[in-house]
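J.: Using numbering that gives the first Met the number 0, the first residue of the sequence shown is number 0, and each one after it goes up by one.
Everything labelled a hint here was simulated from the structure, so no lab data went into it.
Being a predicted model, the structure only gives us computed values, none of them experimental.
Straight-line alpha carbon distances no greater than 25 Å define the calculated SDA-like cross-link-like pairs of lysine to any residue that follow: (1) K95 / L123; (2) K124 / R54; (3) K111 / S41; (4) K95 / S81; (5) K72 / P99; (6) K111 / S28.
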Amino acid sequence: MKPVSTDAAPAAIGPYSQAIAVNGLLFVSGQIPIDPTTGEFSSNDPVEQTRQCLRNLAAIAEAAGTDLSRTVKTTVLVRDLSRFADINAAYAEFFKAPFPARATFEVSALPKGAQIEIEAVIALKDA
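Make a model of the complete structure from these sequences and hints.
T.: Below, the structure written as structure tokens:
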């Protein structure tokens, strides 16, 4: 197992790695919408928070030598599913067919009061 990290995404806020590469896959920890340049949320809007989560995932993928086009599976945690259509539209800005498998759950709370958190499993290019 090889840990992967980058300053282009927010540092872990607990005892976990930004990502772990193992057996040709990159397991990226859940990303909340912290802008790594400011250390703050990019916005309180869940749609913009979706974009920031995905920018963070993309930065970690790049640090591992891969990219979001190789995403196999995502898990999306949201505080309010009533915004799902808008969140889904922002999510679609980052992926093209074949789309990754995905699970989406509404949860009562997320770290630091985030509106959304996204984790991913991404295939490595050298695998």
